[in-house]
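Q: Those protein sequence lines, which keep their order, are chains A and B.
Position 30 of the first sequence, counting from 1, maps to 30 under our numbering, and the rest follow consecutively.
One gets our numbering by counting positions in the second sequence from 1 and adding 115 to each.
FYI, nobody ran anything at the bench for these hints, they're computed from the structure.
Keep in mind that the hints are not guaranteed to be accurate.
Stated by the list, open to error - Below, in silico cross-link-like pairs of lysine-lysine (DSBU-like), each with a Cα-Cα straight-line distance of 30 angstroms or less:
1) B:K157 / A:K14
2) B:K116 / B:K183
3) B:K157 / A:K9
4) B:K116 / B:K157
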Amino acid sequence: NAGVTQTPKFQVLKTGQSMTLQCAQDMNHEYMSWYRQDPGMGLRLIHYSVGAGITDQGEVPNGYNVSRSTTEDFPLRLLSAAPSQTSVYFCASSYDGGSYNSPLHFGNGTRLTVT
Amino acid sequence: KQEVTQIPAALSVPEGENLVLNCSFTDSAIYNLQWFRQDPGKGLTSLLLIQSSQREQTSGRLNASLDKSSGRSTLYIAASQPGDSATYLCAVPGGSTLGRLYFGRGTQLTVWP
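With the hints as constraints, model all of the structure from the sequences given.
A: And the structure:
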């Protein structure tokens, strides 16, 4: 049972480059989300999705793009990387978005450095 | 906007002690509260989820309580062990908006033998 799988685990980008962080879950969860974790700032929601074809912005969406074409996958795209996007990125999923009775399941994270 | 605060930010205790971690939130219109554990270099693992209608939830040596009216939750760890060393985070939904969770910055716990 893989749970939530994120790839890659580590990535170094140069300013201005673009890339996609992959996230896949095998638990048939409707809800998926992306967070970034920064020292002193805690976890902040970037984008989330309550089902295939439906996405919405979180607290810090600027510079990121998402789409949800299948229930299983929720990729996060960095359009033009900036040093301020250096962070650890976590993908999470749950049955009902964590707002009712379903706990949130996290991947192991992608550590991104932008130089 | 929901604001979540965790106290203390760090805690270092000898093995065997019982300890309490605190979490407070500003918007009490929540459906539930979750406690997570994060080990260095890893993602978060859900420990306990307390529904708004519950006052307590227990799992092994862990007990979490919730007081919605005062905007507070505590995580009680009994007979702490070195393996409990990790960062503990609490999270609550942002009011009635499905899908938005707000996290505290966590309490970093070290249990030494």
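Q: Next, verify each hint and record whether it holds.
A: Against the structure, the hints:
A C-alpha spacing of about 25 angstroms is found between K157 of chain B and K14 of chain A, which places the hinted pair at or below 30 angstroms, so the restraint holds. Distance restraint check for K116 of chain B and K183 of chain B: the Cα-Cα separation of roughly 17 angstroms lies within the 30 angstroms cut-off, and the hinted pair is therefore satisfied. Of the pairs offered as hints, the one joining K157 of chain B and K9 of chain A holds, with about 10 angstroms between alpha carbons and a cut-off of 30 angstroms not exceeded. For the proposed pair K116 of chain B and K157 of chain B, the alpha carbon gap of about 28 angstroms is at most 30 angstroms, so the pair holds.
Hint compliance for this structure: every hint is met.
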